[in-house]
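Visitor: One letter stands for each residue in the lines below.
Protein chains: 4
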Amino acid sequence: MSRTIAILTGGGDCPGLNAVIRAVVRSAILQHGWRVIGIEDGFDGLVGTPRWRELTLDAVRGILPRGGTILGTSNRGNPLAYPVKTEKGVVLTDVSAQVVANFRALGADALIAVGGDGTLKIARRLQDLGMPMVGVPKTIDNDLRSTDVTFGYHTAVEVVTEALDRLHTTAESHHRAMVVEVMGRDAGWIALESGLAGSADVILVPEIPFDLAAVCASIENRRQSGSRFSIIVVAEGAYPLAGGKVVQATAAENLGVERLGGIGTFVSREIGTKLDIETRVVVLGHVQRGGSPVPFDRILGTRFGVHAVELIAQTRYGRMVALRGRAVVDVEISAAVDALNRIDPGGELIRTAEALGICVGR
Amino acid sequence: MSRTIAILTGGGDCPGLNAVIRAVVRSAILQHGWRVIGIEDGFDGLVGTPRWRELTLDAVRGILPRGGTILGTSNRGNPLAYPVKTEKGVVLTDVSAQVVANFRALGADALIAVGGDGTLKIARRLQDLGMPMVGVPKTIDNDLRSTDVTFGYHTAVEVVTEALDRLHTTAESHHRAMVVEVMGRDAGWIALESGLAGSADVILVPEIPFDLAAVCASIENRRQSGSRFSIIVVAEGAYPLAGGKVVQATAAENLGVERLGGIGTFVSREIGTKLDIETRVVVLGHVQRGGSPVPFDRILGTRFGVHAVELIAQTRYGRMVALRGRAVVDVEISAAVDALNRIDPGGELIRTAEALGICVGR
Amino acid sequence: MSRTIAILTGGGDCPGLNAVIRAVVRSAILQHGWRVIGIEDGFDGLVGTPRWRELTLDAVRGILPRGGTILGTSNRGNPLAYPVKTEKGVVLTDVSAQVVANFRALGADALIAVGGDGTLKIARRLQDLGMPMVGVPKTIDNDLRSTDVTFGYHTAVEVVTEALDRLHTTAESHHRAMVVEVMGRDAGWIALESGLAGSADVILVPEIPFDLAAVCASIENRRQSGSRFSIIVVAEGAYPLAGGKVVQATAAENLGVERLGGIGTFVSREIGTKLDIETRVVVLGHVQRGGSPVPFDRILGTRFGVHAVELIAQTRYGRMVALRGRAVVDVEISAAVDALNRIDPGGELIRTAEALGICVGR
Amino acid sequence: MSRTIAILTGGGDCPGLNAVIRAVVRSAILQHGWRVIGIEDGFDGLVGTPRWRELTLDAVRGILPRGGTILGTSNRGNPLAYPVKTEKGVVLTDVSAQVVANFRALGADALIAVGGDGTLKIARRLQDLGMPMVGVPKTIDNDLRSTDVTFGYHTAVEVVTEALDRLHTTAESHHRAMVVEVMGRDAGWIALESGLAGSADVILVPEIPFDLAAVCASIENRRQSGSRFSIIVVAEGAYPLAGGKVVQATAAENLGVERLGGIGTFVSREIGTKLDIETRVVVLGHVQRGGSPVPFDRILGTRFGVHAVELIAQTRYGRMVALRGRAVVDVEISAAVDALNRIDPGGELIRTAEALGICVGR
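The listed protein sequences correspond, in order, to chains A, B, C and D. Residue numbers for the first sequence follow my numbering, beginning at 42 and rising by one. Residue numbers for the second sequence follow my numbering, beginning at 42 and rising by one. Residue numbers for the third sequence follow my numbering, beginning at 42 and rising by one. Residue numbers for the fourth sequence follow my numbering, beginning at 42 and rising by one.
Hint data in this document are derived by calculation from the structure and do not stem from the laboratory. Misleading hints may appear alongside valid ones.
DSS-like, lysine-lysine: derived pairs with alpha carbons at most 25 Å apart [said to hold, decoys possible]:
{"id": "1", "chain 1": "B", "residue 1": "Lys315", "chain 2": "D", "residue 2": "Lys126"}
{"id": "2", "chain 1": "D", "residue 1": "Lys126", "chain 2": "D", "residue 2": "Lys162"}
{"id": "3", "chain 1": "B", "residue 1": "Lys162", "chain 2": "B", "residue 2": "Lys126"}
{"id": "4", "chain 1": "C", "residue 1": "Lys162", "chain 2": "C", "residue 2": "Lys126"}
{"id": "5", "chain 1": "A", "residue 1": "Lys126", "chain 2": "A", "residue 2": "Lys162"}
{"id": "6", "chain 1": "A", "residue 1": "Lys126", "chain 2": "C", "residue 2": "Lys315"}
{"id": "7", "chain 1": "D", "residue 1": "Lys126", "chain 2": "B", "residue 2": "Lys126"}
{"id": "8", "chain 1": "C", "residue 1": "Lys126", "chain 2": "A", "residue 2": "Lys315"}
Whenever a hint applies, use it, and build me the whole structure from the sequences.
Guide: Below is the structure:
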């Protein structure tokens with residue numbers, strides 16, 4: 042049975058998106074003889090006048106090693122709360138009925154939505170409205186619980202680890218404390234794993250509110266045993282204990298975290314002041330999100346894409362592909378959202394870090 | 042209780058060995074206050090006059106990002122069949138009693154042996170002789186069944202994928218068939234995964250004896266649809282069907298495979314002859330075994346090292362550390378050897394490759 | 042004639058310093074049979090109690106591919122204005138006599154000083170005081186006029202170019218303006234060359250005070266021709282024209298440049314405000330200074346090191362090694378300092394950038 | 042004055058070709074308002090039915106970081122000796138008149154030919170026949186004398202250096218002699234510079250016929266001073282002295298060089314036999330020619346492209362662009378061909394290598 046399927050990519054950039062698109066197109070065309078339509082700029086492309094293009098084999102040629110997404114992703118995004126200009130100003134409106142109508146007009150049998158928690162929530166809602174959806178999870182931060190890991194994350198860890206390797210030699214030559222702020226608002230996986238891979242001395246993650254005194258003591262400790270430099274990796278969502286209690290996000294801002302340009306700058310300043318040590322801060326920012334994916338992410342994106350097409354072939358809608366151990370499986374989209382994958386403060390990875398003498402902020 | 046533990050690395054080079062050594066030394070010293078001894082050149086360092094050195098924190102400083110092993114590995118190796126010069130020439134002799142005696146003389150409480158199937162077999166034998174052993178699995182080829190994966194493998198896949206990325210542009214500019222021979226004598230994981238990541242058109246692995254006619258047909262097919270180049274990845278242990286039947290290893294040699302310098306050269310020549318297409322062959326060789334490990338391998342080696350020390354702390358000897366899903370676990374060394382991890386010709390990865398239009402030789 | 046020579050590294054970190062040290066040690070020992078002493082932490086190691094170590098062949102083994110300097114560099118630095126604690130507080134004092142005395146006590150015949158303009162000025166002064174000096178130029182910014190280029194610069198350009206490659210895919214997927222602030226206080230070479238290599242759309246350098254209106258017009262222009270993203274590379278020393286006139290450094294600070302965390306942030310905010318476009322800023326910072334040098338820098342550092350030893354063999358003191366075209370030559374140290382190498386606003390490189398449609402801020 | 046210009050790329054692949062094409066297209070269109078035509082597959086595209094395409098700004102978008110050439114290059118090549126099928130079999134025929142006619146029919150004002158010595162010779166001939174030509178030099182081997190260096194070469198050196206870095210750790214762990222055969226048939230620049238950058242112990246180049254006894258002595262020497270491994274870099278065009286005399290190319294083949302798969306294999310076997318040392322050989326092959334160009338090559342290709350367009354704007358035909366020191370200049374095409382750039386056996390680079398203790402085969 043010949044079909045037409047559609048695909049879109051939503052949310053932040055993530056290396057491996059093109060691998061998914063390519064795998065969907067190739068397996069849909071070569072294995073099933075289907076037609077594939079690419080929706081542009083995430084769900085935005087289904088609001089107002091639809092924006093889409095035909096995805097042929099030629100259209101996806103050579104894109105596997107490339108970062109980003111050839112389909113673009115949305116700036117405005119959420120059709121459940123879409124900014125619509127009215128006489129009373131911009132009002133957030135649910136335009137999902139319009140999305141469904143636009144989708145139907147395309148004549149497509151199913152839509153593959155590649156994205157993070159936000160995108161998957163929209164997918165769930167559209168599925169409830171009768172649109173045949175398949176989800177592919179995407180998160181650079183590795184913060185989705187329904188899949189062991191997803192594409193993009195290992196590339197981000199590699200980018201950060203390479204930066205740490207570079208900073209090591211400078212920190213060592215100059216006897217400095219180098220603070221590196223990395224991505225991870227709710228979950229500190231990138232900080233933890235790249236810190237382990239890049240020989241960090243201190244790793245601060247959102248899951249363990251940090252005690253500044255403990256951090257300073259560990260750096261001072263290193264100094265007294267002859268190591269005159271330290272590498273401190275801080276997830277952007279990490280925050281300090283104050284007076285032994287956890288400081289709330291707003292309170293952290295009161296401490297000047299935001300005003301100074303992020304938690305990295307805050308940590309750098311505090312360490313510099315308390316220890317009379319030269320400090321530098323590096324905020325890696327969007328470099329972590331872009332560029333050619335590492336092989337792991339290319340392969341996982343490819344497997345996810347092929348499995349998503351498989352689900353459509355079996356008319357199993359409302360499912361999301363996922364990785365469990367070595368196997369690609371699928372789960373209910375509705376079960377996949379709202380389930381955050383956070384570091385266990387007492388788990389094996391944190392204990393490994395501490396066994397090596399790394400300070401995790403406590 | 043203060044202890045002395047020893048560690049050695051055996052078998053072929055593998056990125057991540059230094060991560061294991063560093064983790065063992067740091068966690069043994071910092072967490073337990075133990076002393077660590079490094080045996081040089083694998084089990085060789087326990088034959089004849091023992092060769093070892095003290096492993097202090099300083100001795101392992103800065104080695105995490107470095108390939109190879111600071112302890113060296115063995116050229117002659119196996120103490121169960123050790124080449125001993127006698128009047129009758131070199132005789133392979135079991136010198137394990139000598140190894141045990143030398144180890145006892147060191148005053149060490151346990152020995153961590155990092156290595157592949159061969160090293161683990163020796164470890165099992167020594168454990169049977171009463172030496173307290175802990176195993177850490179190592180294989181660049183990913184061919185051990187007792188662990189989901191081990192360090193070194195992902196680095197090899199990255200090296201091959203980078204080479205494929207480079208070769209792609211040249212193949213495309215010149216309309217050539219490029220044959221790339223990669224490691225993998227018994228298991229084709231490196232060929233399969235780097236082929237998936239590097240957009241290979243043909244992937245030949247030892248698990249699927251290949252039909253040369255099918256390979257040529259797929260290249261010809263590409264040519265007729267306008268793609269005037271092809272990338273063919275061949276595992277060193279791949280071999281052709283002949284006349285519809287599987288050619289045994291010896292027969293493959295009769296086909297001229299060995300004489301011409303490997304299966305890559307054979308495939309290149311056959312394709313060139315049958316299709317009148319310009320072909321080139323690249324044999325990546327030992328480049329796949331060396332150099333700085335990717336973050337994944339640094340982290341896994343580190344976790345394995347810490348877990349090995351943990352096993353000694355719990356006096357759980359005869360065990361080997363392993364990865365299962367996201368967890369580091371341990372298994373009996375005796376159960377770990379002789380169990381090969383090979384690609385399932387009908388499994389998800391092969392089906393993914395075929396869904397993308399990749400020819401796997403059938 | 043057997044000699045003892047000394048070497049130190051001063052100023053900021055720079056990939057290739059270890060290549061110089063290794064080449065000096067190897068050629069001094071292997072070719073001349075001399076002894077080599079390494080002064081620690083720049084000229085600091087010759088103030089107070091001298092800090093130095095023997096540099097044997099073993100001491101420099103394996104350091105060629107490593108960033109940083111095994112000798113450390115100075116935090117306090119300048120012996121011509123050295124911070125000395127007195128009753129009246131810290132007073133900057135000329136301690137060069139002490140440096141000379143300490144050097145003489147070492148019994149060394151000559152000192153090779155590797156460093157930038159600051160280090161070379163000290164070397165000139167010490168040479169005037171009778172210390173036999175040889176200079177090796179070092180600047181990550183490529184801002185020394187007496188040598189065509191020096192080591193470290195090409196590594197920095199590669200680090201920035203890789204970051205631009207990564208940011209491109211994200212900017213493109215998200216339709217954003219990405220502002221990347223790179224090193225270059227007085228000279229914009231890193232911005233210009235990495236901008237050319239990394240397909241930047243706007244390149245702002247200290248040599249051409251930029252017209253914000255021209256920058257915005259060029260981005261708007263791209264947008265109207267269908268390119269919904271832009272990459273803007275800004276040297277840290279770049280600054281805006283205001284009202285058609287050049288704003289002095291202090292005035293630039295009045296514009297809020299410093300307060301907001303650098304010129305990159307300023308440019309990002311201004312563009313975002315004026316064009317109603319989403320912008321992001323990345324400040325690459327010290328990542329540009331560290332890590333393994335590219336081959337060019339390893340080779341140039343090596344050639345410089347060998348030539349420096351050659352100068353000592355010929356008792357030609359007060360000279361600095363330099364690159365001219367393909368040749369390693371030498372010049373008077375005194376002629377080398379205070380001569381800044383800046384981009385010619387009307388030169389070939391800027392004209393090349395403009396021919397490609399890159400906006401250079403005018 | 043509006044013009045139409047054409048461009049083609051000839052000869053072997055070389056990273057940076059796309060940079061030239063992009064720069065030609067962008068500067069021709071944006072600066073001059075011209076039209077650009079891309080000839081496909083080198084001069085082949087002007088034989089028989091012309092094969093060409095319009096090169097718009099869109100056609101060159103995103104190609105700067107990519108290896109290869111979007112225009113393809115020739116397999117058959119030379120229009121001065123073109124294989125034409127006749128009754129008497131394939132006869133090499135001068136089809137340059139046809140090339141000129143085809144070019145004229147395109148209505149183009151000038152042709153930019155990017156290529157090596159062979160391509161430039163054809164360009165000179167066509168210029169003599171009245172076709173307005175501009176040459177851009179291309180050689181991965183750095184063997185053209187008329188330019189200081191050209192694009193592609195630094196990328197090749199980086200690829201080889203990275204491989205040497207990787208092989209070092211394995212050689213060291215296993216106490217092996219690793220022989221690495223690299224490109225360079227007539228000139229050994231890649232071997233020499235990557236050998237210097239990658240800490241080679243022996244470097245063999247075509248310019249210095251090597252004495253096998255000297256090579257073995259240097260490896261033996263290392264072994265006796267405790268270094269149990271060696272890295273030997275061999276240019277593919279290197280050849281041995283025999284009995285103190287230079288062996289001619291044919292004689293080298295008689296020594297079994299070709300039969301065994303190249304000079305690397307020969308050297309590996311000889312060393313292994315003479316020294317009873319474990320050896321391995323790696324032939325890097327076409328990996329050296331492909332993939333993303335390093336920044337230096339992207340920039341140089343870009344500058345060459347812009348200068349080539351400049352020459353056409355000034356109606357200065359018959360010229361070839363070149364690099365001299367820091368400047369892009371131009372020379373007569375006729376003066377540029379047949380002038381080989383070879384290593385000076387007594388020059389600074391070779392003396393630098395020998396000062397470091399590297400054996401260059403004598």
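Visitor: Each hint needs a verdict: does it hold in this structure or not?
Guide: We went through each hint and held it up to the structure:
no.: 1; hint: B:Lys315 <-> D:Lys126; result: holds (21 Å)
no.: 2; hint: D:Lys126 <-> D:Lys162; result: holds (24 Å)
no.: 3; hint: B:Lys162 <-> B:Lys126; result: holds (24 Å)
no.: 4; hint: C:Lys162 <-> C:Lys126; result: holds (24 Å)
no.: 5; hint: A:Lys126 <-> A:Lys162; result: holds (24 Å)
no.: 6; hint: A:Lys126 <-> C:Lys315; result: holds (21 Å)
no.: 7; hint: D:Lys126 <-> B:Lys126; result: violated (67 Å)
no.: 8; hint: C:Lys126 <-> A:Lys315; result: holds (21 Å)
Checked against the numbered hints above, the structure violates only hint 7.
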